[in-house]
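A.B. asks: The chain contents come next:
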Amino acid sequence: MKIVIQPQGTLAIYEQIVNQLKNAIVTGELVSGEALPSIRALAGDLNVSVITTKRAYEDLEKEGLIRSVPGKGFYVCEYNTDYLMEKQLVMLEKRLAEVIGDAKQAGLSCEDVKEMVEALYNN
Amino acid sequence: MLLELKDVSKRLGKFHIKNISMDLPDGYILGLIGPNGSGKTSLIHLILGLYKPNSGDILIDGKSYADEEIAIRNMIGTVLLDEMFDDGVSLLSNGIRYGRYYENFSQDTFEAYLERFNLDKKRKYNKLSKGEKLKFQFAFSLSYNPKLLILDEPTGNFDPEFRKEFFQVLKEFIADGTRSVIVSTHLTEDLDKMADYILYIENGSTIFSGDIEKLRDSYRLVTGENYKINLIDKERIIHKEMGNYGTRALVTHRPRYTYDKEVTVAIPTLEEVMYFVTKREKGGRSK
Amino acid sequence: MTSQIIRNYFDGFRWSNFKGKVVNAAYMIVYFSCILPVVAGFFEKLEYAIVYFAIAIPVLHIVNSGCVHNMRMPKLMYMVPLSQDMKREYIVKSAVFRIVFCTFVGAVCALPIYLMGLCNILTYILIVYNVLTLALLFCGMNERYGIEDDGKWTEIKSTTVRGVVQGVNVFVTIVSSFLMACMLCQDVNLMTKEVPILFAIPAVLIQLPLTIKYMTYWKVAVDRAMNYETSYDK
Numbered sequence: 001m002k003i004v005i006q007p008q009g010t011l012a013i014y015e016q017i018v019n020q021l022k023n024a025i026v027t028g029e030l031v032s033g034e035a036l037p038s039i040r041a042l043a044g045d046l047n048v049s050v051i052t053t054k055r056a057y058e059d060l061e062k063e064g065l066i067r068s069v070p071g072k073g074f075y076v077c078e079y080n081t082d083y084l085m086e087k088q089l090v091m092l093e094k095r096l097a098e099v100i101g102d103a104k105q106a107g108l109s110c111e112d113v114k115e116m117v118e119a120l121y122n123n
Numbered sequence: 124m125l126l127e128l129k130d131v132s133k134r135l136g137k138f139h140i141k142n143i144s145m146d147l148p149d150g151y152i153l154g155l156i157g158p159n160g161s162g163k164t165s166l167i168h169l170i171l172g173l174y175k176p177n178s179g180d181i182l183i184d185g186k187s188y189a190d191e192e193i194a195i196r197n198m199i200g201t202v203l204l205d206e207m208f209d210d211g212v213s214l215l216s217n218g219i220r221y222g223r224y225y226e227n228f229s230q231d232t233f234e235a236y237l238e239r240f241n242l243d244k245k246r247k248y249n250k251l252s253k254g255e256k257l258k259f260q261f262a263f264s265l266s267y268n269p270k271l272l273i274l275d276e277p278t279g280n281f282d283p284e285f286r287k288e289f290f291q292v293l294k295e296f297i298a299d300g301t302r303s304v305i306v307s308t309h310l311t312e313d314l315d316k317m318a319d320y321i322l323y324i325e326n327g328s329t330i331f332s333g334d335i336e337k338l339r340d341s342y343r344l345v346t347g348e349n350y351k352i353n354l355i356d357k358e359r360i361i362h363k364e365m366g367n368y369g370t371r372a373l374v375t376h377r378p379r380y381t382y383d384k385e386v387t388v389a390i391p392t393l394e395e396v397m398y399f400v401t402k403r404e405k406g407g408r409s410k
Numbered sequence: 411m412t413s414q415i416i417r418n419y420f421d422g423f424r425w426s427n428f429k430g431k432v433v434n435a436a437y438m439i440v441y442f443s444c445i446l447p448v449v450a451g452f453f454e455k456l457e458y459a460i461v462y463f464a465i466a467i468p469v470l471h472i473v474n475s476g477c478v479h480n481m482r483m484p485k486l487m488y489m490v491p492l493s494q495d496m497k498r499e500y501i502v503k504s505a506v507f508r509i510v511f512c513t514f515v516g517a518v519c520a521l522p523i524y525l526m527g528l529c530n531i532l533t534y535i536l537i538v539y540n541v542l543t544l545a546l547l548f549c550g551m552n553e554r555y556g557i558e559d560d561g562k563w564t565e566i567k568s569t570t571v572r573g574v575v576q577g578v579n580v581f582v583t584i585v586s587s588f589l590m591a592c593m594l595c596q597d598v599n600l601m602t603k604e605v606p607i608l609f610a611i612p613a614v615l616i617q618l619p620l621t622i623k624y625m626t627y628w629k630v631a632v633d634r635a636m637n638y639e640t641s642y643d644k
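Chains as they are written, first to last, in my numbering: chain V, 1 to 123; chain G, 124 to 410; chain H, 411 to 644.
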């Protein structure tokens with residue numbers, strides 16, 4: 001599993017961790033029952049504060065994606081992949097809508113946007 | 124909790140430390156930040172039990188200086204700017220001289236840290252540079268296995284290479300989750316990546332006290348055209364800086380607040396928070 | 411602990427510790443001006459030189475010692491784990507060592523005057539007594555006054571009394587030294603009976619009770635020295 005942190009991002013570091021772990025779960029990279037690295041180990045590997053990874057795990061736990069076993073650590077929950085996928089799609093749609101809004105303001109046609117998307121997708 | 128500050132106040136001549144509260148659990152790093160003269164060193168003197176607060180309580184691992192001073196001192200390691208060790212005496216002898224007062228002092232550990240920090244144990248203390256003296260103090264403090272490390276402005280005199288090493292050591296120190304670090308500094312760059320808790324004081328008063336994620340949740344750095352930034356509630360703008368190509372402002376953030384599309388919103392670094400808050404304080408005072 | 415106390419005593423004589431010691435410097439100037447008449451005749455007779463050094467060196471030592479030592483521990487010692495008893499022991503031992511050592515230096519330096527027959531035993535004892543008094547005043551419980559909470563200079567109950575006692579004592583010391591210097595200048599043999607008496611009157615009658623009174627604040631000074639806050643500038 002790979003987690004990349006962009007320090008200058010507009011997304012908070014803990015959100016970046018949350019998103020990437022979510023993706024790993026959706027894509028099946030992390031399977032249910034699998035143990036996650038400990039809060040402290042992950043913080044060390046990513047070179048971020050302990051409290052940041054702690055918050056990321058807490059958020060994932062709140063969403064029911066992972067669960068903590070006292071004294072042992074965090075594990076990926078049994079989950080419904082379809083439901084998760086659905087959620088991811090909704091989020092993507094929302095972000096795309098924003099981009100399209102911006103594109104309209106810049107005076108781009110639907111064709112222009114499609115072209116741009118294709119070029120970026122195949123890149 | 125390794126450190127509990129409960130509403131601590133202290134009058135120091137004309138300067139006042141006012142109602143500072145902070146909890147630091149085991150296994151974390153607390154960054155004590157603020158501009159020069161904001162009271163960081165005085166607060167550290169209070170935490171070290173060198174000053175007694177006029178009101179409020181200071182507990183170290185649940186113990187108070189009044190009742191268990193020796194137990195507390197055995198578990199506190201310090202790196203201060205003062206040059207407190209004996210001149211004309213080797214580093215090794217200095218360590219043994221003062222180490223023998225500590226319950227858990229280990230000469231082996233001490234020598235191992237000297238070696239790790241590239242300090243020759245036979246060198247005389249007064250022959251060290253400023254940065255090396257701090258390194259020595261650091262090695263000495265680690266030699267008796269403290270639970271709480273307190274470091275006052277340590278990094279200013281370190282070369283960049285040791286600075287990395289220094290933060291590595293701090294991370295190792297807290298790695299097992301039983302020990303904590305308090306580090307005061309006005310250079311906050313390193314803290315962005317390391318600190319778990321932040322106590323930000325200015326003029327002896329708390330600006331922020333809590334975990335760093337909460338701090339990041341509380342502020343946003345907004346860049347864009349001035350009239351767009353003016354759309355944000357006035358009382359939420361901490362300080363605004365107008366430049367030729369746009370305006371930058373630090374604002375207090377609310378969850379799920381949506382900003383105007385044409386402004387760039389970023390999570391500020393500690394340095395940026397400090398910069399804008401200090402500007403506001405100065406502006407406020409001159410009015 | 412004793413070895414550390416002795417070490418700290420000699421470590422204290424560092425240039426950085428001498429900065430800003432106006433009162434001590436002023437005292438030195440006044441004192442040595444009083445002995446100046448002796449210096450005038452310095453090269454005429456070897457005896458003058460010996461007497462001069464016998465008296466000047468201990469005083470120089472005491473005043474310098476008073477500059478660099480206060481009734482307090484080194485900062486580091488407030489941070490190492492020490493019980494209250496150990497702190498008290500360290501402070502008291504350091505102060506006693508300073509007084510004893512300064513007096514010892516005085517006694518050794520004045521010994522040649524006595525051995526060479528320049529003064530009788532009573533004068534010798536009085537010279538040493540004088541040194542002891544100075545040692546008590548300048549480096550016994552020479553504590554610092556920190557800024558207290560309300561921003562004013564500390565006024566512990568005894569400060570005023572102590573100020574007066576110290577002032578009078580210093581004055582007496584200067585006068586007696588001056589008297590001696592004048593004697594020497596006029597080539598009066600120190601063996602004569604008048605000198606010890608001239609010494610003894612101010613010394614014993616005025617100095618002694620005042621010094622005893624001064625020493626009653628010893629405990630207050632030790633208590634203050636046990637806290638970092640009341641011992642160091644903020």
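Everything labelled a hint here was simulated from the structure, so no lab data went into it.
Here the structure is a predicted model, which means the values were calculated and not measured.
Worth double-checking, as some hints may not be accurate.
Subject to a maximum C-alpha distance of 16 Å in a straight line, what follows is the list of computed EDC-like cross-link-like pairs (lysine to aspartate or glutamate) [stated by the list, open to error]:
1. Lys485(H) / Asp205(G)
2. Lys247(G) / Asp421(H)
3. Lys294(G) / Glu34(V)
4. Lys485(H) / Asp209(G)
5. Lys402(G) / Glu364(G)
6. Lys54(V) / Asp149(G)
Here are a few chain G residues that face chain H, going by a calculated C-beta distance under 10 Å [said to hold, decoys possible]:
7. Gly211
8. Leu215
9. Tyr221
10. Tyr224
11. Tyr225
12. Thr232
13. Ala235
14. Leu293
Covered stretches of chain G (chain V as the covering partner; in silico rule of three or more C-beta atoms under 8 Å from a C-beta of chain V) [said to hold, decoys possible]:
15. 352-365
16. 383-396
Ideal Cβ positions, reconstructed from N, Cα and C, are used throughout, including at glycine.
A.B. asks: Could you run down the list of hints and mark each one as holding or not?
C.D. replies: Now the hints, each set against the structure:
1. For the proposed pair Lys485(H) and Asp205(G), the alpha carbon gap of about 9 Å is at most 16 Å, so the pair holds.
2. Proximity of Lys247(G) to Asp421(H) is assessed by CA-CA distance (about 14 Å); at most 16 Å being required, the pair is judged to hold.
3. Only pairs whose Cα atoms come within 16 Å are accepted, and Lys294(G) paired with Glu34(V) is rejected, the gap being roughly 27 Å.
4. Proximity of Lys485(H) to Asp209(G) is assessed by CA-CA distance (about 12 Å); at most 16 Å being required, the pair is judged to hold.
5. Pair hint Lys402(G) plus Glu364(G) holds up; C-alpha atoms about 10 Å apart against a cutoff of 16 Å.
6. Restraint check: the Cα-Cα separation between Lys54(V) and Asp149(G) comes to about 14 Å, which is no more than 16 Å; the hinted pair holds.
7. Given hint, Gly211(G) at the interface with chain H, holds; its Cβ is 7 Å from that chain's nearest Cβ, closer than 10 Å.
8. Checking Leu215(G) against chain H by beta carbon gives a least distance of about 16 Å; that is not within 10 Å, so the hint is violated.
9. Because the beta carbon of Tyr221(G) sits about 6 Å from the nearest beta carbon in chain H, less than 10 Å, this interface hint is met.
10. Interface restraint check: Tyr224(G) against chain H, minimum CB-CB distance 4 Å, threshold 10 Å, status holds.
11. Annotation: Tyr225(G) was flagged as interfacial toward chain H, and the flag holds, the nearest CB pair being 6 Å apart, inside 10 Å.
12. For the restraint placing Thr232(G) at the interface with chain H, the shortest Cβ-Cβ distance is roughly 17 Å, beyond the 10 Å limit, so the hint is violated.
13. Because the beta carbon of Ala235(G) sits about 21 Å from the nearest beta carbon in chain H, more than 10 Å, this interface hint is broken.
14. Here the hint on Leu293(G) is broken, as its CB sits about 20 Å from the closest CB of chain H, past 10 Å.
15. Check on the stretch 352-365 of chain G: 0 of its residues sit with their Cβ under 8 Å from a Cβ of chain V, so the three-residue criterion for coverage is violated.
16. Here the stretch 383-396 of chain G counts 5 residues with a CB under 8 Å from a CB of chain V, which clears the bar of 3, and the coverage holds.
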